[in-house]
Amino acid sequence: MKAPTTLTIGVVAVMSASACAVDPAAAQDVIKLGLSVPLSGSAANWGKGSEFMCQKAAEEINQAGGIKASGKTYNFECITYDNKYNAAEGTKVAQTLINRDAVKFIGGALGTAPTKALQAIAERQDVLLFTVSWGKSLKGPEHPMTFTQQNTPYEILPPLIGYVVKQHSQAKTVAMLNPNDATGQETEPVAKATYEKNGIKVFASDYYERGTTEFQAIAARIASFKPEIIDVGSTPPADAGAIFKALDLMGWKGVKVNETGTGADTLKETGGDAAEGVYMGSGVVFDGDTVSAYQRKLNDEARKLLGEDLNTIQIGFYDAVYALKTAMETANSVEAKKVAETLPDITFPTFYGGKVGFFGKETYGNVQQMRLPILVTQVQKGKLVQVHRIDP
Amino acid sequence: MQTAVQLMATALQIGAVYILFSLGLTLVFGVMRIVNFVHGQVFATAALTVAYALPTIAAAGLPPLAAYCVAAPVGVIAALVLSVAIYTFGFRYFQRDEIGSFILSIGLVLVLDGVLLKVFGGAVHRVPEVITGVVSSFGATVTLQSLVLCVVALLLATGLYLMLGHTKLGKVLRAVSIDHEAAMMVGIPYGKVAFGGFLIASLLAALAGVLIAPMSIVSPVIGTDYLIKGFIVVIIGGLGSIPGAILAGLFVATVETLGAFYLDSSYATIATFALVIAVLLVRPKGFLGRG
Amino acid sequence: MARIDANLIGWIVLIAAAVFAAVAVTNPYLSSIVILIAIGALLGASLRFVMLMGEVNFALGAFVGIGAYTAGLLHTAAGLNFALAILVGASVSMVVGTTFGAITLRAKGPYFMLIGFAFTEAVRVAYSKFAVLGGTSGMVGIFPPRALDLWMPLIVVLTVIVFLVVLAIAERSDFGRILFAIGENEPVARSVGLNTFRSKVAALAVTSATAGIAGGLHAFTNNVISPGDFSFLLPAFALAYVKVGGENHFFGPILGAAFLIALSHYALGFGANESFLYGGAIVLSVLLMPGGMLGLASRAVAAVRKGPSSHD
Amino acid sequence: MTDTAPRGTKPGRIVETGPGDAPDILRIEGLTRRFSGLLAVNNLSFEVRRGEIFGLIGPNGAGKSTVFNLISGFLPATEGRSFVERREMTGQRPLTVSAAGLVRTFQHGSYIRSMTVRDNIRLGTIARLKSSDRAGRVDEVATMLGLTHVLQEVAENLPHGLQRLVSIAIAVAARPKLLCLDEPLTGLNETEVGNVLEVLRRYRGELGGTIILVEHNMKAVMNICDRILVMHHGALLATGTPKEIATNPAVIKAYLGDRHAN
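Here the protein sequences line up with chains L, H, V and Z, keeping their order.
With my numbering, the residue at position 390 of the first sequence is 390, and numbering never jumps.
With my numbering, the residue at position 250 of the second sequence is 642, and numbering never jumps.
With my numbering, the residue at position 86 of the third sequence is 769, and numbering never jumps.
With my numbering, the residue at position 202 of the fourth sequence is 1197, and numbering never jumps.
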């Protein structure tokens, strides 16, 4: 008697799933932008901010009259699912976006593992994919539908490290630390090579587990090498702050770098005064004259939502939407393959101001990387200050 | 020498928190035979509440220390309210059911993870430094704050130890954890005792939470991190053993510190897990576990 | 006798339903759900098998991961064909599982649970240390032959059914009786000369093998695997399948998996927090319906029949 | 899948057990067990002859159950040696002891509550019989113990008396040379007691089985046992036929005031 129950409930369950598989909201004049981002766990805030920025850009464009292509007018709509930062969930999200919601454009994917899972399906079904993930292996001619919406170490590190080394010509040695996650494993080799190219001796390059809350021993270890520069690579600002504080406690004084540091606030919160002087490669300055009033307004809204400043990851989700709009109108088509072919040749207005395009032939063998300005920032008197900017 | 002292100081500091955290776990298991995964969430609730309340209170113009003295009790109370709810609606029905209670607590962990994220948001919360200044001796330096943490933690640990040894409640708790049937035969109200033990355990977690808040990186996931460490400690020390938890707490902290210093610290993480399995090979019930 | 019949009907219905779902469902999204349910069912059944002897095996996550990574590596690095890769993966998982059991089954109850928990987490960190496994960003390109693309749902469902049958037979055999006896009254089993320790290890060997199979299928249907896929949440979710479906009956975890996975996909549409969902399901079922859905069902049936419940 | 051979233990060596060698199936020499100072069993020696029903009695806490745990290998002896059919079993595990033919039951619920009677009995056959013979043995034992009509029932739904028979059946199914029963009569009513005793007699009669019986029910013990050993404070107080024991002043003294003495 149990068996039929098994069946009925099983069937009912599958039916309920199929019920929402057929999405009535699939009106022709809406272009859905799928987002695969972490909405839970330690990276939840990045995901929330990314969704926020995608929606902002979409709203602006829709209010400004939408996208005009192939004689029709379309509106953007952002659909976000939680990829929990791992491949299994990334696949679920990919299936849901592409095969259930029939999304043809991915407005952004965050987290290398879930992005790879998404790419496996997207490239096969000709779905255009934007991602902030750094994996070099994500790009290249074999992935014609994939585009990167954020600067990666290959873009950031040469100018950043170059600048730092120039400012501190006496510094000749460095010790590096990275989190044992995808970003860390992507950043470390590039940074190492760049330092060596600049004639800096790399004493040590360590990894630590994300989720560590006690950094004294780790700090003691890197300090014991007595390097002139300590580069905590893609360590999240909160951890970085704690590490610099511990280093400061042990009396280590030297040049501090947090390559992918995104903001002064979190760094200050955990690092206190030890955050002073840290160089960052992914920081965005929201006070001072470098930003427009509108950007500041967006950032203030974001702060209300997230409790911290916007960072380059989230801004990438904003830029991708404008890139797509421009490409669609230039190609005069909303067909993903056509749009992907057009993207490399267009320039579009970026959040950072001005118009930018795509590049990357020499690094990735294919034009898939947004050519964004590179901002070298530093914490000065507790404020994040832009010390160097390279515009494309 | 300097590094040696520095490392000792670090190990002591981490160990102090592990001890506080694990004492609760081991106490609950001793008294109720419950493997309480929710302990981490109780701990996180306290830490998050402080991290959330303190800046707000401080904004009212109070100096950090004063503000902390207001926020800390709030955090403890929040955590205790949570654990009372957990006990009355959950664990009460699963006493001495090792598997059932474990399954229930796993479920609660999943639920509370979601809740904490909703309530406190994903952003890292940071409590402004409550006690400023550093202490240096033998060339090693620790912040006054972490020193205070150590002292308080160790005081609490000894306090609990003495309480179990000498007060009536303590004796009752011990009696129950050694042989609850015998204890009930001599007329000990098991239900009351169990609830008492659970509250004390939660209180320890809450205190650990509010103590760690000013010097750690407080986010909703902090609970899981300490939970895993905490269980490693109690397994090594022996479930239900108070001295076991204290010794193992220091032991694990030392291994971690040395590991992080001499190895790449992500290997240290694996090393600690390997350690557990090794210990259980030699002593399937932990170092001081009761046969 | 009635029970035997019910079981027989159960199997026929189950197989029919599964094969129908695998063949008739053409929408790739729905077939991906069918696949997830099939794999989930195997995971739940594997976890339940060890629960027969009264232990909760949280090392399951590690076994699934080892199966998946071995299969993936053999396929991507050594170009081994996918059926073979999965089988070898399962064997490796079985070897690890047996060793793990032989070492850790001296411990019981909470100790065994917690060691398994620690083992799963340790192994998860370990994957990320090997570049050849793709580090934290995961291993890519684990594709079955393109020709099989359309057939994958059927292949997965049939494979799962085969190993479910294996587990069911094992449970109904004398081996199963021994495990059950161990779970309830180990001294009695020992007093009649049964080597209970060896039986426990054997049980772990069996489930680590089936878990390894599940892992291999996971790898080849997801095409990408990452350490995060095999955290302690995996056994926790499997536990949810068992408790919600009903741990007293073989079909329990299967029903639980079907229900929870479908539900979670439905919920994903509203951006609901999945772990919240699974957690809630576990809590509610342990508090309100100890026998799980099947427990409720059989009690209902019994009430209707006004006869004794056929529920064992 | 299951293991029928004892693991990691060599068969105990055959030893000549002294002069006047009786056809003893169990021989205990100076058996002693201390629990942290307390002497539970104190230098106990006795032997059990093939085909007899041997009563092991004594006031509560006399150490009867401890003796069972020691001879069946569930508890290591502090001192002393034990032989089953002249094979030394000192320090062996239950696995080996039961392989040598000594099978014991436990005082409380020596069966699997939620398994059917059939499965319960079958459990006893697994280690000793190859799978093709098990079903037959189950029916055999069920018939002998009069359980045929409840084979399909789940053990926990049975009345007390039948549950005791199930416990015995599990042990009997294992083809023991020596059957050790720990209080099989406690809590049973007159008819049930009679029923169990009847079964034991038949078991001894038809199969020439040997039984050690730990029991508080004096009437039953006196009525069924060939020889009785009385323990007091862990030591041997007296041994002999029921008649001798009944009239032994030391025994009577030991039992005076003991609520089980009737």
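Take the hints with a grain of salt, since some may be wrong.
[Said to hold, decoys possible] Taking lysine-lysine and the PhoX-like style, the derived pairs with C-alpha atoms no more than 20 Å apart in a straight line are: (1) L:K192 to V:K791; (2) L:K136 to V:K812; (3) V:K812 to H:K677; (4) L:K304 to H:K510.
Just so you know, the hints here were simulated from the structure itself, not pulled from any lab data.
Any hints from earlier that this structure breaks? Give me their numbers in increasing order, please. 1 and 3
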